[in-house]
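Engineer: Sequence:
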Amino acid sequence: MVTRWIPAGTSGVGIAETSAQANVVTQETTTSTSYVDLATAGPSVTLSPGSTQNHLIWIKCEMSTSAAGPCDVNVSIAGGAAVDGEGAKAVSAASLIPAAQVYYAAAVVNGSTHTMKYKNDAGNTSTYRNRRIVATTT
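When you line the sequence shown up against the working numbering, it's residues -15 to 122, in that order.
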């Protein structure tokens, strides 16, 4: 985790910005039709210490699916459920393709953990590798 001080303009008041990142390079699969952890869970990041703040979260990975039906990657924000329609999606990709998504989480308690989750809409085999999550306070 990195914390840096961002000086303010003429007001003389600055803010502390905290960021964290994590990676999992291992190639792993799932056939789950609901969001799950892979054999190597995550990656995940925790921003702390602090109070309730806004978090900006980026996720990316390479993913593919074995047959018709999209595979998905999403993020559980502050331990909540990953929600369909908010994640990155690859549709019938025969080879691993890069995908990325950005989230804005308002009023998150700093110290909350954000974790990447995975599924395949049709229950086919989805493959994921080079998974990355980055989060920062805003």
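What the hints contain is simulated information worked out from the structure, not anything from laboratory work.
Check the hints yourself; a few may be wrong.
Simulated pairs of lysine to any residue, SDA-like, Cα-Cα distance not exceeding 20 Å [to be verified]:
#: 1; residue 1: K44; residue 2: V93
#: 2; residue 1: K44; residue 2: N114
#: 3; residue 1: K44; residue 2: A91
#: 4; residue 1: K44; residue 2: A66
Engineer: Each of the hints needs a verdict: does it hold here or not?
Structural biologist: Do the hints match the structure? See the list:
1. K44 <-> V93: Cα-Cα ~23 Å, so violated.
2. K44 <-> N114: Since the Cα atoms of K44 and N114 sit roughly 8 Å apart, the hinted pair holds (cutoff 20 Å).
3. K44 <-> A91: Not satisfied, since the Cα-Cα distance of roughly 23 Å exceeds 20 Å.
4. K44 <-> A66: holds, 15 Å
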